[in-house]
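Chains A and B supply the protein sequences, listed in that same order. For the record, in the first sequence the residue sitting at position 210 is 210 according to the numbering used here, with numbers rising by one throughout. For the record, in the second sequence the residue sitting at position 1 is 1001 according to the numbering used here, with numbers rising by one throughout.
The hints are simulated quantities; they were obtained by calculation from the structure and are not laboratory data. All C-beta atoms, glycine included, are put in the ideal place defined by N, C-alpha and C. It cannot be assumed that every hint is accurate.
Which residues of chain B face chain A? A partial, calculated answer using Cβ under 8 Å [claimed, not checked]: (1) A1066; (2) F1070; (3) I1078; (4) A1086; (5) S1104; (6) L1151; (7) E1152; (8) G1154; (9) G1336.
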Amino acid sequence: MTSPAAPPAAPARVSLFRIAIAIAAVILLALLALPLVALVVRIPPGDLIARLGQPLVIDALRLSLLTTVAATLLVVVLGTPLAYLLAMKRLPGQRAIEILVMLPMVLPPTVAGLALLMAFGRMGMLGRSLSAFGITLPFTTLGVIVAEAFMAAPFYVLAARAGFLSVDRRLLEAARTARASESYAFRRVLLPLALPGLGAGAAMAAARALGEFGATITFAGNLQGVTQTMPLAVYLALQSDLEAAVALSVLLLAVSVALLIALRAAPLAWMGNSNADRRRP
Amino acid sequence: MLTADVRSRRGAFALELSLAAEPRSTLVLVGENGSGKTSFLRLLAGLDRPEGGRIALGDRVWFDAASHSFVEPEHRSIGYVPQDLALFPHLSVRENVGFGLRASKRPDAEVRERVDALLARFGITALADRKPGTISGGERQRVALGRALALEPGLLLLDEPFASLDLPTRRGMRGEMRRLLSGLPCVTVFVTHDPMEALAFGDQIAVLEDGRATQVGDRDDLLRHPRSAYVAEFLGLNRFVGRVVARGDGVAQVACDGGTLSVVDPGEGDDVLVVVAPREIVLSRERPAGSALNVFEGAVDELTPEPPAGERLRVRIASQPPLVAEVTRASAESMGLAPGVAVFASFKATGATVFR
Chain A
1 MTSPAAPPAA
11 PARVSLFRIA
21 IAIAAVILLA
31 LLALPLVALV
41 VRIPPGDLIA
51 RLGQPLVIDA
61 LRLSLLTTVA
71 ATLLVVVLGT
81 PLAYLLAMKR
91 LPGQRAIEIL
101 VMLPMVLPPT
111 VAGLALLMAF
121 GRMGMLGRSL
131 SAFGITLPFT
141 TLGVIVAEAF
151 MAAPFYVLAA
161 RAGFLSVDRR
171 LLEAARTARA
181 SESYAFRRVL
191 LPLALPGLGA
201 GAAMAAARAL
211 GEFGATITFA
221 GNLQGVTQTM
231 PLAVYLALQS
241 DLEAAVALSV
251 LLLAVSVALL
261 IALRAAPLAW
271 MGNSNADRRR
281 P
Chain B
1001 MLTADVRSRR
1011 GAFALELSLA
1021 AEPRSTLVLV
1031 GENGSGKTSF
1041 LRLLAGLDRP
1051 EGGRIALGDR
1061 VWFDAASHSF
1071 VEPEHRSIGY
1081 VPQDLALFPH
1091 LSVRENVGFG
1101 LRASKRPDAE
1111 VRERVDALLA
1121 RFGITALADR
1131 KPGTISGGER
1141 QRVALGRALA
1151 LEPGLLLLDE
1161 PFASLDLPTR
1171 RGMRGEMRRL
1181 LSGLPCVTVF
1191 VTHDPMEALA
1201 FGDQIAVLED
1211 GRATQVGDRD
1221 DLLRHPRSAY
1231 VAEFLGLNRF
1241 VGRVVARGDG
1251 VAQVACDGGT
1261 LSVVDPGEGD
1271 DVLVVVAPRE
1281 IVLSRERPAG
1291 SALNVFEGAV
1301 DELTPEPPAG
1311 ERLRVRIASQ
1321 PPLVAEVTRA
1331 SAESMGLAPG
1341 VAVFASFKAT
1351 GATVFR
């Protein structure tokens, strides 16, 4: 007998698809989380603080912060105009330029380091002219900054370009019909509205610079206090003092998490804002 | 005096227009979407560059194909109110209005004084520190007008200025805009798809079809002598030339071919032209009980879908005088409208626009 009013409850069917998805997701999350947990629990907090006081760690931290900030500034100062051009103008060879800008993202960092050496090394293409001006890049702190900027530039330029592109063209046209020169429209309309994108790009570039290892060690070497940034110090410490390596790593992890939070918070805050702006009473 | 003679091509679309307008006058470009209205405004503003022709305001030549001269938008004496207004979302109302003054590096005191005057003129002083996203559509409209007029432009460009407003706001803003435009010393070019707006605002009206002006003339010229079936259709189907035969309580009785209409008394003048938008006409199967002064009975003559989507139907009614109404497909179905069915067509006195 079938009664249309009360159909029998369908058997709770758990789809195989959902189970497969859940398992895959859990495995990957575990793969991502476990090593970090292992790293953090490896060393007691008291030990951690003591380790962080070592000259090796202090030197590396100081150098890392200095070079990360400098490389990020370099990338922002030089990358903003390039991002503006890429977003607003039709450049000759636009595609080639875009590929060039993205290349460091996919290039193995050691290859990048070697390429930098070929260009700016003592025997390199520009190295001799640079040393005539008293500028030496390889195996100097300046070299570390250049290597980090090389690796971080695409992250900033691409995000900044996207930021500029996200600004409604009609606002820029409105600015121009209200007598704004290109530079005034840039300062007063484009830049403030693209700022969240630029900020996100700068944070990503900083994160990339902070973690940079391959290009730095190839191009600038591994000299404590001069070119030995935190990732390099971790690598070095690993060969002699595992505890120090762990302490450095935990510190790097903390800085990375902080950057990531800043990265996520910036666009979210911006979106919250623009939603409020769009609200109609 | 604005003289614009432009040729421009974008893909398959070609624009070819030659228009002129005097200071203190409004030139309205009316046409359907895609007829080239906005393209023409952009050429005037300098946001796009024509392929040929010449644009000049007074003795300033903004574009001349012959001498390869082109003046960038920021160096043209224009005020531009784009369709979506394009207010700067991160700047306050005050900063939006003062944007052009600041951009042209006027002294602080002058900027403050003129912005204050504009805010007062548009009744938005209380909103000075608000962001455009937090004020109403009508208020945003005033901000955009303030921004456009801050530098006392020689040419004011208005692109569908009422399109972004809801209906009640639109009615109010129309009167306000008319008063504003009549007091401006500049040339105004006003673009709309709404024939009623064109008739209400245009000292001179250009009807645009496929990038060309098929008729340019004043209101009377267009209404009384539509040069093409398209223009006649476009300007509205219910046009009646008539004479005021009685007046009272602000309502005038107009005798025209086939019947008498009750309209809002236009004041002076007895020879009038009455236009009733098809959407103002309400159809019903029973005699309407409402307050509409104009009720006409007749049989449905013809039903034609209103392009492009065909969501609405035009209903031609063999009443005295004959009328054309526009209804939704759904209401036509629920009323059982079909050729031969007897209906009542009614509209309020305020639903008719009267021209002297």
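Status of the hints after comparison with the structure:
The beta carbon of A1066/B is not positioned within 8 Å of any beta carbon in chain A (closest approach about 25 Å), and the interface hint is therefore violated. Against a cut-off of 8 Å between C-beta atoms, the interface hint on F1070/B is violated, since the closest Cβ of chain A lies about 13 Å away. The criterion of a C-beta within 8 Å of any C-beta in chain A is met by I1078/B, whose closest approach is roughly 6 Å, and the hint holds. The criterion of a C-beta within 8 Å of any C-beta in chain A is met by A1086/B, whose closest approach is roughly 4 Å, and the hint holds.
For S1104/B, the interface hint holds, since its Cβ comes within 8 Å of a Cβ in chain A; the closest pair sits about 5 Å apart. Interface hint at L1151/B: satisfied, since its Cβ lies 6 Å from the closest Cβ of chain A, which is below the 8 Å cut-off. Look at E1152/B: its Cβ only gets to about 12 Å from chain A, farther than 8 Å, so that hint breaks. A distance limit of 8 Å between C-beta atoms decides the matter here; for G1154/B the minimum to chain A is near 13 Å, and the interface restraint is violated.
Below 8 Å, beta-carbon pairs count as interface contacts, and G1336/B has none with chain A, the closest being about 36 Å; its hint is therefore violated.
Going through the hint list in order, the structure does not satisfy hints 1, 2, 7, 8, 9.
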